[in-house]
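K.L.:
Those sequence lines, one after another, are chains A and B. Read in this note's numbering, the first sequence has 188 at position 188, and its numbers run on one by one without any break. Read in this note's numbering, the second sequence has 85 at position 85, and its numbers run on one by one without any break.
No lab work stands behind these hints, which were simulated from the structure alone. Remember, predicted model here, so these are calculated numbers, not experimental data. Treat the hints with caution; some may be incorrect.
Note that the list lumps identical chains together, so a pair holds whenever it fits in one copy or between two copies.
Simulated pairs of lysine-lysine, DSS-like, Cα-Cα distance not exceeding 27 Å [to be verified]: (1) LYS200 to LYS149; (2) LYS192 to LYS18; (3) LYS216 to LYS82; (4) LYS149 to LYS192.
2 protein chains.
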Amino acid sequence: MISVIILGAGNIGTHLYKALKKAENVTVNQWYNRSIKTINAFQTEVDVTDDLSQLKEADVYVLAVSDEAVAPISKLLPFENKLVVHTAGSVNIHDLDKKNRRGVFYPLQSFTKTADLDFSDIPICIETLEKSDYNILKSLASGLGGPVKKVNSDQRKVLHLAAVFVNNFSNQLYRIAHEIVESEAAEFDLLKPLILETAKKVQDLSPYMAQTGPAKRNNQKTIKKHLALLEKEQHKQIYKLMTKSIQDTHGN
Amino acid sequence: MISVIILGAGNIGTHLYKALKKAENVTVNQWYNRSIKTINAFQTEVDVTDDLSQLKEADVYVLAVSDEAVAPISKLLPFENKLVVHTAGSVNIHDLDKKNRRGVFYPLQSFTKTADLDFSDIPICIETLEKSDYNILKSLASGLGGPVKKVNSDQRKVLHLAAVFVNNFSNQLYRIAHEIVESEAAEFDLLKPLILETAKKVQDLSPYMAQTGPAKRNNQKTIKKHLALLEKEQHKQIYKLMTKSIQDTHGN
Numbered sequence: 001m002i003s004v005i006i007l008g009a010g011n012i013g014t015h016l017y018k019a020l021k022k023a024e025n026v027t028v029n030q031w032y033n034r035s036i037k038t039i040n041a042f043q044t045e046v047d048v049t050d051d052l053s054q055l056k057e058a059d060v061y062v063l064a065v066s067d068e069a070v071a072p073i074s075k076l077l078p079f080e081n082k083l084v085v086h087t088a089g090s091v092n093i094h095d096l097d098k099k100n101r102r103g104v105f106y107p108l109q110s111f112t113k114t115a116d117l118d119f120s121d122i123p124i125c126i127e128t129l130e131k132s133d134y135n136i137l138k139s140l141a142s143g144l145g146g147p148v149k150k151v152n153s154d155q156r157k158v159l160h161l162a163a164v165f166v167n168n169f170s171n172q173l174y175r176i177a178h179e180i181v182e183s184e185a186a187e188f189d190l191l192k193p194l195i196l197e198t199a200k201k202v203q204d205l206s207p208y209m210a211q212t213g214p215a216k217r218n219n220q221k222t223i224k225k226h227l228a229l230l231e232k233e234q235h236k237q238i239y240k241l242m243t244k245s246i247q248d249t250h251g252n
Numbered sequence: 001m002i003s004v005i006i007l008g009a010g011n012i013g014t015h016l017y018k019a020l021k022k023a024e025n026v027t028v029n030q031w032y033n034r035s036i037k038t039i040n041a042f043q044t045e046v047d048v049t050d051d052l053s054q055l056k057e058a059d060v061y062v063l064a065v066s067d068e069a070v071a072p073i074s075k076l077l078p079f080e081n082k083l084v085v086h087t088a089g090s091v092n093i094h095d096l097d098k099k100n101r102r103g104v105f106y107p108l109q110s111f112t113k114t115a116d117l118d119f120s121d122i123p124i125c126i127e128t129l130e131k132s133d134y135n136i137l138k139s140l141a142s143g144l145g146g147p148v149k150k151v152n153s154d155q156r157k158v159l160h161l162a163a164v165f166v167n168n169f170s171n172q173l174y175r176i177a178h179e180i181v182e183s184e185a186a187e188f189d190l191l192k193p194l195i196l197e198t199a200k201k202v203q204d205l206s207p208y209m210a211q212t213g214p215a216k217r218n219n220q221k222t223i224k225k226h227l228a229l230l231e232k233e234q235h236k237q238i239y240k241l242m243t244k245s246i247q248d249t250h251g252n
């Protein structure tokens with residue numbers, strides 16, 4: 001049994017709390033948040049606090065706080081030589097105060113507070129400075145049911161960056177598609193199966209192999225039609241740049 | 001029962017042949033291809049030909065050919081006043097020769113010859129000049145099991161353009177992510193659940209509501225870190241342009 005205390009009640013903190021609370025090999029000893037209001041509703045099932053000096057004992061302290069808050073909160077912790085981990089993709093393990101044993105527990109997923117998440121699908125990227133701490137985090141992660149992977153800080157940085165491309169930027173392409181079809185009162189719903197199929201395809205096939213379309217075929221006639229159809233200058237720029245990128249990849 | 005003849009054996013033609021062959025309310029009377037070699041293997045189950053003058057009778061002639069071939073092949077057809085449809089997203093219905101009744105039967109999906117496709121997920125966008133022809137195409141499409149939608153040429157054009165954004169361009173973002181993580185020997189596999197989750201999220205939530213990340217939060221520190229991490233100038237340009245696009249959408 002691993003005992004854990006979660007610090008933070010943002011998207012990641014809240015999802016982690018709910019998932020770890022359900023994990024059979026984990027006890028959540030306490031939940032800290034700067035503002036007690038956010039977590040007061042949970043006080044019937046877990047000890048809640050907004051006072052760092054009241055933090056209890058635990059095997060792992062999980063800082064599920066904003067990137068900027070990782071270093072200062074780790075400094076404020078009123079204890080030493082405990083295992084303290086952060087959950088941030090782009091924060092170095094050494095940003096944690098060295099008075100404690102340090103680690104990273106990074107769930108590679110996009111968290112929205114409202115949407116329910118199944119952690120059994122979410123890879124947990126783990127980094128520690130001590131091997132014994134790695135085994136503790138591995139047990140903690142395995143309680144969530146998903147894949148667990150050893151990932152160093154350099155790898156985590158590029159994964160976090162790549163996640164912005166596949167998640168935030170792809171989603172913005174969906175948004176632009178939404179704007180484009182609405183300009184002719186066509187239905188965005190008609191694109192939803194294609195969006196899903198595009199994501200499913202690269203589960204088995206490399207994105208290189210999965211590519212199709214006018215850019216890859218260098219179909220200049222269609223490309224010109226499309227550019228003429230786009231009303232916003234920014235959408236034209238994105239079309240040109242992505243088309244160029246596809247053509248560079250596929251040697252056109 | 002609707003009888004159909006398919007012309008063309010590229011990606012769409014092949015997938016359509018297989019799906020229509022299985023449809024209970026459809027008979028495939030013949031399959032034409034310019035090169036008989038491509039379809040010879042099917043001659044035990046369907047009449048195959050490479051000679052337009054040998055085309056049989058049917059309720060619908062489906063031109064599943066490249067965009068450029070739609071107009072010339074429709075001119076070469078040795079009959080009049082039959083229902084002839086093309087399957088191309090960006091070709092106008094009037095590009096079909098007017099000696100026949102004209103229509104469009106556009107499956108809104110990305111076709112790769114190797115990957116199997118379930119047509120019950122694929123919206124069929126239908127356009128005709130005559131209402132009675134619309135009902136014929138609607139029956140034909142319903143045999144495939146998926147949603148059927150009346151879509152005019154202007155709407156089809158923007159849907160085809162939007163499909164390039166959500167399919168080809170999203171896939172290229174996956175490709176770039178692949179390159180980025182490989183630069184540090186991290187695993188692209190770790191990103192696959194996030195890719196799928198991103199596509200799933202917009203099935204219920206608008207892309208506007210689904211957006212998260214450093215661009216939306218205007219987290220300049222992370223944006224700078226990411227730009228410094230990108231090695232290729234083109235990837236930096238894409239990062240900047242997509243970030244700007246997200247910020248314009250969300251009013252930062």
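K.L.:
A separate judgement is required for each hint: does it hold in the structure or not?
P.N.:
Here is how each hint holds up against the structure:
1. For the identical chains of this complex, LYS200 and LYS149 are neighbours both inside a copy (22 Å) and across copies (24 Å), given an alpha-carbon limit of 27 Å.
2. Taking CA atoms no more than 27 Å apart as the test, LYS192 paired with LYS18 passes between copies only; the shortest distance there is 23 Å, against 30 Å inside one copy.
3. Within a single copy, LYS216 and LYS82 get their C-alpha atoms no closer than 53 Å, and across copies no closer than 35 Å, so neither meets the 27 Å cut-off.
4. Taking the shortest alpha-carbon separations for LYS149 and LYS192, only the inter-copy value of 14 Å comes in at or below 27 Å, while the best intra-copy value is 31 Å.
Hint 3 from the earlier list is the only one contradicted by this structure; the remaining hints agree with it.
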